[in-house]
Every structure is written in C-alpha cells, then in structure tokens.
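Undergrad: Going down the list, the protein sequences come from chains A and B.
Note that the working numbering gives residue 1276 to position 360 of the first sequence, counting from 1, and the numbers run on in steps of one.
Note that the working numbering gives residue 1151 to position 235 of the second sequence, counting from 1, and the numbers run on in steps of one.
Among the clues, some could well be false.
It does not matter which identical chain is used: a pair holds within one copy or between any two.
Said to hold, decoys possible - Straight line, CA to CA, 27 Å or less: simulated DSS-like cross-link-like pairs of lysine-lysine:
{"no.": "1", "residue 1": "Lys1187", "residue 2": "Lys1071"}
{"no.": "2", "residue 1": "Lys1187", "residue 2": "Lys936"}
{"no.": "3", "residue 1": "Lys956", "residue 2": "Lys1112"}
{"no.": "4", "residue 1": "Lys929", "residue 2": "Lys1219"}
{"no.": "5", "residue 1": "Lys1145", "residue 2": "Lys936"}
{"no.": "6", "residue 1": "Lys1187", "residue 2": "Lys1149"}
{"no.": "7", "residue 1": "Lys1139", "residue 2": "Lys1219"}
{"no.": "8", "residue 1": "Lys956", "residue 2": "Lys1183"}
{"no.": "9", "residue 1": "Lys956", "residue 2": "Lys1141"}
{"no.": "10", "residue 1": "Lys1219", "residue 2": "Lys1149"}
{"no.": "11", "residue 1": "Lys936", "residue 2": "Lys1219"}
{"no.": "12", "residue 1": "Lys1071", "residue 2": "Lys1145"}
{"no.": "13", "residue 1": "Lys1112", "residue 2": "Lys1101"}
{"no.": "14", "residue 1": "Lys1071", "residue 2": "Lys1219"}
{"no.": "15", "residue 1": "Lys1183", "residue 2": "Lys1139"}
{"no.": "16", "residue 1": "Lys1145", "residue 2": "Lys956"}
It should be emphasised that the hints constitute simulated quantities derived from the structure, not laboratory data.
Number of protein chains: 2
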Amino acid sequence: MRDVAVIGVGMQKWGELWAKSLRDIFVESALLAMDDAGVKEIDSLYVGSMTPGLFSGQEHLGSVCADYLGQRHIPATRVESACASGGLAFRLAWMEVASGISDVVMAGGVEKMTDVSGGGATYALATAADMTWEGVSGVTFPGLYAMMAVAHMDKYGTTREQLAHVAVKNHENGSKNPRAQFPMKVSVEQVINSVKVADPLNILDCSPITDGAACAILVPADKVKDYTKPGVKIIGSGHANDTIALHDRADMTTIRAATEAAAQAYKMANKRPEDIDFAEVHDCFTIAEIVISEALGFFEPGKGGPAAEAGETALTGKMPINVSGGLKSKGHPVGATGIAQIVELTEQLRGESGERQVKDARVGLAQNMGGSGGSSVVHILEVM
Amino acid sequence: MRDVAVIGVGMQKWGELWAKSLRDIFVESALLAMDDAGVKEIDSLYVGSMTPGLFSGQEHLGSVCADYLGQRHIPATRVESACASGGLAFRLAWMEVASGISDVVMAGGVEKMTDVSGGGATYALATAADMTWEGVSGVTFPGLYAMMAVAHMDKYGTTREQLAHVAVKNHENGSKNPRAQFPMKVSVEQVINSVKVADPLNILDCSPITDGAACAILVPADKVKDYTKPGVKIIGSGHANDTIALHDRADMTTIRAATEAAAQAYKMANKRPEDIDFAEVHDCFTIAEIVISEALGFFEPGKGGPAAEAGETALTGKMPINVSGGLKSKGHPVGATGIAQIVELTEQLRGESGERQVKDARVGLAQNMGGSGGSSVVHILEVM
C-alpha cells in the first residue's frame, strides 16, 4: 500500500444557504478544494452524505455531484454512516489511493438540512438511531445524548458547568473562524440559562442545523512534490461500529466505536494519544466532546469534564480540541462534518490558521461519529 | 494489489416479505452467505442500499446490519449509487481485499420496498433521477425508459415485439429459479396486451417492487484453498458515471456509463465481449436489457432487439443474458440487485445452477445500473 497525502482542501462559509441547492453547495466547496490543490481533473470521487433523500429529495449523489462538477464519467461513490459519512468518504478515498487504483481522488461531504420544515430535520436525523427500538419510543438525538450526560454525571460527577465550558470554548474558537455558522462568543451563564432541550442539555449544548459542504484532494505521498502547496500525510485511519441502539451497550458513559477506531489509527500511525498535538472531535452535543476526549485517550475516564473546565482543551491549552469551533460553532451539515475536520487539520498543519493557529502543530487527529456512537471514523494526519 | 475471489454467496427467496423487517432480510441473506463460505466472522462489511431512509425510515445501515449480524465492532460501510448500490458495495469490498487492508469482507445489498404506500415507492425511486430537472416535470423511471425505447425504435427500428421477447425469455429463465419473485412464464401476446405504463412500455416490460437482500464473501485468491467451496476469481471491475439527467446526454439510445465501466473491466480482465460466456445485466425495463446488451459490446448498436427475438440471449443461445430471470422475473429490491447478479455468476461458475445452468460457463459478467444510466458498475468473474 502506498502512503497518501492531502494536497488541497476547500469549504465555504456554512449556515442557512437558502439561495443555493444541494448540488451548488457541493460544487462550490469542490472547486475551492481543486483550486487549493491546483488540479483541474480528478480520477475518482467519494461523497459523504447522510440522507439527501429525506433532506433534499435527491439520492444518487455520486452521479449528481460528478455531473455538476464537470467530471461526468469518473467513478463517483456516495457513502453513508449517518453523521460520520464525511469521515468515511475520506477513509475510502485514502483506501483507493493507497491501493494504487487511482492517483487523484476527491473526498467530499455535503448536506442541505434547511429545506425541510416542521419536525422534518429532527425526523431525518433520527433515522441515524435505531428507529425500530429507539425512534418508536419517541426518543431523538438530544434525548439520547442527554441520557449519556446523566449517566456520565452520575458515574463521574461531571457537572452542568463543565458541559457549558465546552460550548464556551468552542464558540471562542469559532469566533476566530470566518467560515463558522455561529461565530458569536457565549458565557457559561448564557449556556446554563439557555432554553432546555433535553435535561440536562440546553440549546447552547447542541450543534445546529446547517447547510454546507467540504472537500479534500488526496494523492500518493510521493507525488506531493508535483503540486504547489505542502502535502499533509495521512498516517492513521480507523473505522469501527457498535450497536445502533444506545441501550444495547454495556456502558453508556463511553463510545466504544471511537475507542476501537482510534486504536486502529494509533496502531497504523505508531502514535499514542500523548503524541497528538490537537484534535477535531465530534461535539454534536457538549457531552459528546467530553466523552470522546476520554474515549480517544486524551484524558482518563471521568476527567474530560474537569479538563474542559480547567482550560486544558482551549486553543492555548495542553490538548487543544475543536480549534475550528467544532460542530457547535462552525455548524454541522451532517455529511460534511467529517471532511471539515480534515480541512481544519490540513490548514493547521500547513500553518494557515491565522488567529486560531495551534502553535507547533505537527500531528492532528480527527474523530467523526455516526448516531449515538453506532459508528466512528478516526484519522491522524502529520506534517510531511 | 492482491487477486480476490468470491468464496460464498447467499440470498433468500425474494418477494413481498411483509413478515420480515429490513434488518431481518439483510441478516437472513448474510447468514446464508457465511454458511456457504464456512466463515463465522468477517473483517469488514459493505452494504449497498438505495434509500432505506425513504423506504424504511432507517439510515446508518452499516451499523444496523453489522449489529444485527453479531459483528458489532467491525468497519461497516453503506454505499449508495441508486439501483447500482449493490454492485458498488461489491466493488469496494474487492478494493478493500485487493489493497491488503482486510482478508474476509462481506458485500451485501438490501432493500425493503413494500412498507411504503400510495406513490411512496415511485417517489423514493424517482430520487435516483435528477429531481431538480426531471422530477420537477413529473417524469419517473417508466417515463424515462419509455423515452429511451422510443428513441431506440426510431433510430434502429427496434420493435414492440422485440421488447416483449426480453420479458418472455427472462420469465422463462426465472421459472427455473426457486428464489424468483415472479417465476411464471409469459407469452409475447401477454406482454403486448398487458396494461400500459408509459408508452411503449407495458406492465410486463417493467421490473417489480421487491423486498430482498443478497450477500457475497470475498477473500484473497491465494487463501481460497483454506475454504471448502471452490472460489470464483474477480478478474475485472469497472465503475463510471454519466449525467444524472437523461436529456443532458448526446445519445439516448445507449448508456455510456455502462460502456465506460465495461471498458475498465474488460481492460483489467484482458477480455473482450466475445470472451464472456454469459451475463447478468440490469433489465429494470425490457428496453434496458437491449440497450445494455449493445453498450457492453455483445451486439452492434441496433442489433440487441433482433438478437433477443432470435433467441441469441436465451439460456441455450450463443450469449445467454439474465439466466437468473433478471430483475424482471427474479425481482428488483434495488440495493440488493447488484449482489444478486454476483450470486448468480458465482453459482453458475461453480456449476450449481441446476435447470438453468449455462453449459461450460467459465467467464461471467455482471452489469448493474443506477437511475437512467447516471452510474454503472461492471464486474467480470472467472472459474479458478
């Protein structure tokens, strides 16, 4: 297998992009990535999207995206693993280049979530959970993550304030990201006093509904010299699943799919958690960032909350997490999120992140999650 | 890259499986494939499904299927390319084994289409076309394929009777397939006099709405000796796309995505169309089989209709096509169809097909199609 590098990335400012269609949004980010990489053609395309059928009434997204990108006859593959669809697209693009089948592969992610009304978005998102056993009981994602939060508080003493600190820190980071949907700063008091969604989670504990896309271009590492920008090497990739239903797991205070995927990625990269300089993780809810920061080995179980409160995960902390603003502030167009994490890692490792640049960033990790942890994809990238 | 072989396949009798859920249907076929291969565990899973969100209110199918199969922590990936989702799952499973990442990979396909009522299935299927430009005009798949039929009749003189001969032949083959949804034989007169759907296509020119799944197990070719059944080698794989909308193509009488995918597969296999002993092709409508039999190079453009009428594509003809009964008689649970084609090729190449066995079958081709030809996947398999 060949070593693989990212040579270009692109994403537009995310938000409620009502003036643009699903395909417009994809193409806009794809062209930014192609410009960044300096390529006019790609050999193959992977598109991660969770449920364009329910959100936009359009499936067959490989064909749609390749067509409107002007790359009509290439292999174009849509993959889905709920909110981990983008990370999975990146993994398959890596696999295709690593295998030697193709040389220039685009991994993209896209979701247009604001074209459904009423409870449409909540229903569409709920199809990432177990609709037969969870959905039928009326539980949706805020409820599932609230149950994890209650269990984590009960077992480890995690506090309401610690959850709020995750939101405060991510909005602080997002305020430095010109592409973030909600770049405003928030205070601990604002989070704690914001409207209740599913106890103990308030609206400011939840990632938003977003339209957006993100794309990355992958090439063999030994061909990076043919391009103008520095390459960023993919040194680890992992992908694992778990029970689709939360209640089928032995422990609701951790995410085993993330731990298993990380173990694969750490092994391939020959790295340990302490070798990671910064990470983008799947903070769909504030509790998720705490649980994941433990599942990835950055903190001992139960220590994620205190670490967030102590500022250890801030931009200038010893383990910066979600310096992009995370899903919380940057936005969460579900299928695009995994690729946006790669965009952040790539720009950070190229030293292009301006106000939110992590000092001496050489190794970054991205963790993308599907559902309540039914799936997870982890990648580790390094400066070349 | 390593050579890869199919070591086991499975599928249940297809039909209106109202007593079984989406996940039941998948697991049933998956266990048949694991029994056939003699394996108790798999390293990785690919599931092709077109739109379980719209048909069954359930996405995140990789997690659901791995979970209910009792393989909870493996990487499990759902892929979608409309009705070519199954073929695409097979291609990615091949890629994962060929790359050396995994040794025992399952490629599955599943769709449960009968749980929606009214125009639900027609709407769900229409999302495989261009919903912005085709769907908005009210055209659905029978209409799109009817336009292809009219164009083919106009350009080449293809007749209404020739279309009927495809249906007659596929139901004749399906009558020998115990897993076919509609195993009854039909006559040319019955097809011509059946109720009109979209002129010139009648109901007996159309593949049905079906519940079903199919699975295959892939391993490195050099490990086939560790298993009990003979392996069947994957010697060619191709995948290509085209414009999502029919009206954007230069020629509506052919399917360029199929020609391009076949060219890749023929090149990799070092085979020509005349080296293929039999083929399973995507006969979602009778006209599709004729167009595809030309696009794959089995017949000159315009000669597919006369060949079908002359019996050249019959079980005992010189180029047997859809000896399984095809989508037309066997049924068409969209995401499962591409894997069912692999099931038929594998069993034929192992000499297990009983009454519908192709004599001296050594090389088989499977062509799976998405939408009106927005995507196509082609595989060539050979006796080891």
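Undergrad: All the hints need checking, so say for each whether the structure fits it.
TA: We went through each hint and held it up to the structure:
1. Lys1187 / Lys1071: Neither. Shortest intra-copy (30 Å) and inter-copy (63 Å) distances fail the 27 Å Cα cut-off.
2. Lys1187 / Lys936: neither (41 Å within a copy, 45 Å between copies)
3. Lys956 / Lys1112: Intra 48 Å, inter 47 Å, cutoff 27 Å: neither.
4. Lys929 / Lys1219: Classified as neither: same-chain Cα gap 34 Å, cross-chain 53 Å, threshold 27 Å.
5. Lys1145 / Lys936: neither (30 Å within a copy, 53 Å between copies)
6. Lys1187 / Lys1149: For lysine 1187 and lysine 1149, only the intra-copy Cα distance (14 Å) is at most 27 Å; the inter-copy one is 37 Å.
7. Lys1139 / Lys1219: neither (42 Å within a copy, 46 Å between copies)
8. Lys956 / Lys1183: Between copies only: 25 Å across, 35 Å inside.
9. Lys956 / Lys1141: within (17 Å within a copy, 46 Å between copies)
10. Lys1219 / Lys1149: neither (31 Å within a copy, 52 Å between copies)
11. Lys936 / Lys1219: neither (43 Å within a copy, 45 Å between copies)
12. Lys1071 / Lys1145: Answer is neither; intra-copy 47 Å and inter-copy 51 Å both fail.
13. Lys1112 / Lys1101: within (19 Å within a copy, 62 Å between copies)
14. Lys1071 / Lys1219: within (11 Å within a copy, 72 Å between copies)
15. Lys1183 / Lys1139: both (25 Å within a copy, 25 Å between copies)
16. Lys1145 / Lys956: Answer is within: at 15 Å inside a copy they meet the 27 Å cutoff, but 47 Å across does not.
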